[in-house]
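Peer 1: All chains should be modelled from the sequences, with the hints used to inform the complete structure.
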Amino acid sequence: MIAGDDQLRWEGGQAVVRMPVEIDVTNADEIRRTLRAAASHGSSVLIIDMSATTFCDSAGVQAIIDAYNQLDARNRSAATPTQLRLVATAVRRIIQLVGVDQLMPVYPTVEAALAEPG
Amino acid sequence: MAANRAATALASIMAQEDRVAAEALQRSLLPGVLPAAVSADLAVRYVPGAGKVGGDWYDVFGVSSGHMWVVIGDVTGSGLAAAVIMGRMRSALRAYALEHDDPAEVLARLDRKMQHFEPGALATVLCAVFDPGLEQVRMCSAGHLPPIIASPGCAAEVAEIPAGLLIGAARAARRETVTLQITPGSVLCFYTDGLIERRGQLIDDGIARLCQLVRVEPPEAACAAVMAALVGNEPAADDIALLMLQCLPSALQP
Chain P
29 MIAGDDQLRW EGGQAVVRMP VEIDVTNADE IRRTLRAAAS HGSSVLIIDM SATTFCDSAG
89 VQAIIDAYNQ LDARNRSAAT PTQLRLVATA VRRIIQLVGV DQLMPVYPTV EAALAEPG
Chain F
21 MAANRAATAL ASIMAQEDRV AAEALQRSLL PGVLPAAVSA DLAVRYVPGA GKVGGDWYDV
81 FGVSSGHMWV VIGDVTGSGL AAAVIMGRMR SALRAYALEH DDPAEVLARL DRKMQHFEPG
141 ALATVLCAVF DPGLEQVRMC SAGHLPPIIA SPGCAAEVAE IPAGLLIGAA RAARRETVTL
201 QITPGSVLCF YTDGLIERRG QLIDDGIARL CQLVRVEPPE AACAAVMAAL VGNEPAADDI
261 ALLMLQCLPS ALQP
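For the record, the sequence lines run as chains P and F. Last residue of the first sequence: 146 (this note's numbering), numbering continuous. Last residue of the second sequence: 274 (this note's numbering), numbering continuous.
Simulated from the structure, these hints should not be mistaken for laboratory data. What you were told as hints is all true, and nothing was included just to trick you.
Reference listing, derived: stretches of chain P covered by chain F, where coverage requires no fewer than 3 residues with Cβ under 8 Å from a Cβ of chain F: (1) 80 to 87; (2) 92 to 102; (3) 125 to 133.
Quick list of simulated restraints, FRET-style, between CB atoms: (4) F/Arg-218 - P/Gln-124: 17 to 25 Å; (5) F/Pro-182 - P/Trp-38: 31 to 39 Å; (6) P/Pro-136 - F/Leu-200: 30 to 38 Å.
No residue lacks a Cβ here, since even glycine has one placed at the ideal position from N, Cα and C.
Peer 2: Take a look at the structure:
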């Protein structure tokens, strides 16, 4: 599956970006671009939805960290900051092992991520 | 020797043979010997992934306080670019280790250095600092996979250390050092993700499988057993670095 504009959807004022089943060096650049575009919308919440993802290597982790840093820089000057949230099941442990859960909260489902008060 | 290898690397770069250059650089940076006067046994393996050398490395060195450092790391990406960043991280870490005995402090400094001079680069790194008597070890992980420890008379276990954010990711990451006691004779297994990560398999299952394979036995035999079971003759998709260390009981000290 290739990430593209169709991977972004809106739930109220919250943006949800759906990640592919496998993330590696072959699609990480595309994912990085998709996440950057989603991060530039200035939504109150941006959810990276990895609920369908079963494989994510370091290139995928790099794309997520890139989105975090972009939002972190943007939030310093933005009137309404964007909260980054992550949904992960099969790759949750990898996210935990590389410490990315220190940068953003991780939820088991998109519903749980959407329900969290801003 | 190192100069010869560096010269080889440079010549290859000029010939645009990145793969050869990266491999020469990589090999020149992987030690295979323990510091003198340490009563331990060491065995290592390094396998480049898919014919392309990457940024995996390990390092073992002593410092004047008598402590021994074991370091293992993995720079994101592959080829010459990753190998060059790996070399810089390795030297910076060695320099900081001469100044500080706390692995969390050393990793914090390394992180700051990387974010300043190599923005965008990411790496996982694990540092283990052994007391001169090898009775305890202080560890800090920057997003690296936890080591496996097999102690005499016990099933091997995954070392309980906090995950820690990987190097180069973001400012002000929390770094925490934990101290573990070592039973004489224990085998410690350090590795990179290429050894255990497989598509369609949960990473915890890969770690559990490795845990079943690590036993109290001489490191060379332990490395051979793990490589045979997890890698075999298949070409590796990703780089693999593996380091086994056995802390010898005093009766076995040379």
